[in-house]
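Asks: Working from the sequences, and respecting the hints, build out all of it.
These protein sequences, in sequence, are chains A, B, C and D. Note that the working numbering has the first sequence beginning at 1, numbered continuously upward. Note that the working numbering has the second sequence beginning at 1, numbered continuously upward. Note that the working numbering has the third sequence beginning at 1, numbered continuously upward. Note that the working numbering has the fourth sequence beginning at 1, numbered continuously upward.
Listing some non-contacts, in silico: residues in chain C with all C-beta distances to chain B over 10 Å:
| id | residue |
| --- | --- |
| 1 | A69 |
| 2 | I140 |
| 3 | A152 |
The calculated lysine to aspartate or glutamate pairs, modelled on EDC-like cross-linking and capped at a C-alpha distance of 20 Å, are:
| id | chain 1 | residue 1 | chain 2 | residue 2 |
| --- | --- | --- | --- | --- |
| 4 | A | K45 | B | E43 |
| 5 | C | K45 | D | E43 |
| 6 | C | K45 | C | E55 |
By construction, these hints were calculated from the structure, which means they are not laboratory data. Idealized CB from N, CA, C, for every residue including glycine.
Protein chains: 4
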Amino acid sequence: MPLTVPVILGSVRSDRIGIRAARYLIAQLEARGHEAPLVDPAELKLPLPDRMYKEYPPGTAPDELERLAILYRRSDAFLVVTAEYNHGVPPALSNTLDHFLEEYYWRPSAICCYSAGAFGGVRAAMPLRAMLAEMGMPSIPALLPIPRLQNAITEAGTPSEPRLEASAGRFLDELTW
Amino acid sequence: MPLTVPVILGSVRSDRIGIRAARYLIAQLEARGHEAPLVDPAELKLPLPDRMYKEYPPGTAPDELERLAILYRRSDAFLVVTAEYNHGVPPALSNTLDHFLEEYYWRPSAICCYSAGAFGGVRAAMPLRAMLAEMGMPSIPALLPIPRLQNAITEAGTPSEPRLEASAGRFLDELTW
Amino acid sequence: MPLTVPVILGSVRSDRIGIRAARYLIAQLEARGHEAPLVDPAELKLPLPDRMYKEYPPGTAPDELERLAILYRRSDAFLVVTAEYNHGVPPALSNTLDHFLEEYYWRPSAICCYSAGAFGGVRAAMPLRAMLAEMGMPSIPALLPIPRLQNAITEAGTPSEPRLEASAGRFLDELTW
Amino acid sequence: MPLTVPVILGSVRSDRIGIRAARYLIAQLEARGHEAPLVDPAELKLPLPDRMYKEYPPGTAPDELERLAILYRRSDAFLVVTAEYNHGVPPALSNTLDHFLEEYYWRPSAICCYSAGAFGGVRAAMPLRAMLAEMGMPSIPALLPIPRLQNAITEAGTPSEPRLEASAGRFLDELTW
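Replies: Shown next as structure tokens:
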């Protein structure tokens, strides 16, 4: 069954490497017949949260929030791609997530974390699990950490090692199951 | 000895109650003879991090980052006032913090967390401890949680209960010691 | 459909109050027609982990591990009742949980946290969410924190306030759904 | 100035590799002229916490708790060596730590985390930071993660790579400073 799985990226840096992980996972999801739209904070340019989407009277929310709400409501699962800033969740990610709440309810989520260094961003994934649970989209057990992402996936989006393909495959199996 | 202790607030909401906790703690610090400037993300309007302060060539960083860097370098300690969003650190706070790193080194920090509900934001304080440690400003053991902040401190900045004054006093004793 | 939901308690103290929360939730689950056996570390007296259950050759594990393995394999969900020790997970709980792994897979879990003080043990619940996810039994979004448990539930197991009954009801609805 | 720095190990497994990290760090501390006694839960065999040390009337606590209390009171800092069990703190570590509280106050601590795999146990270090802070011994910013410890340090206690010596050196500099 084709699913809708938004891929939410958590970085706005111009030289961000995370976009490689997002694009690779989108391609893998699409190859499996799913719809996997990229939710990109660099394009969305959402302000720091003053009002949540649900705090706007119907029809008055900014366009980009309205579009996200429509997308989220028809989604089956969420894939979150996160960097690690100071051992925590990047503000570009929490800011993208925090504008919504009920729209996420009752769907599973999955966490791909990455870093330029050796530990793959796994420290950010831990508080992120707590946040995703509170947001009503508990994360699946499998975690996909990608250390040294700049080497692990080329700019063109090809994994450099078969091991990543295998682990990404199992990760997506678990999410889409 | 008079100290410089920036009070970093982590909310930009127009109806934020956190400003009451920040103002109360600033008044207490000033009453003890310290300098306690408010670092307010609603005024700073820092963008989501593309470049950190240190990634700008000297003299080319935006004014508000330059002023913060000067303040942080001459500071003796940091007081962080945080809400809890979805059991995590609010993006307005991580965004304010993440623009700097070396500027914080070798000073202690302290966490005041608050909520409109019963649990005082203590869940956000836990990952925040890890972030502050990684930023080189480990947090003091004492935590100042303020549940139901809207009742605990009046708009004029007066605590409604003597208990808060006592615990805030011990908290600031520990930070300024 | 009647479910099997082990209730895993995380304290061995002789004067533990957590047993009240465990017994209350067991009674509620049984009233709904489910089987809810208590997993009590004070009775089990499991040693600190040298070998996990799965590291014993078949048939050679200690009796109490063998019985737990049989129970866990036929379970539909797990309910974990945790105190908070130094803002973390009590060793009596992690020790009870860490002896098993694959036996938990593919079932949901739920967290009831409690404290003698005001914050209901919610700080321990956050790293516990990460542990339960890694153990293959991701926790449901709803959390049941019980502050001042010694007053909230009598020794006889009756809640002192209707509010707890309502929130426990919604919590169990979500777990058994 | 010679310091007293207990090295608290968090594993009781017979085939534990963590003992290599503990012995290596003890040797390094001793080479710097410090006293670095090993606190080994496998020898101590402390029961899961029923009563904390301070809950015993003076002179009635078990010998091993009495000896630890004397050691801790005259210590200048604590070095904690932790594995990662299910992304959390091993019960052998939390159990060793949780028997005491005031005895730790006002000293810094440092975290060495390790794993047999690639991520060096850094996930366990995050909730451990929160616990150590609450215990009154906030952890220094530097973290010493040792991935693939079984290869990184030989059984005889010699690091296989100069990089580990350099990072351990900086880590101990920061702790003893």
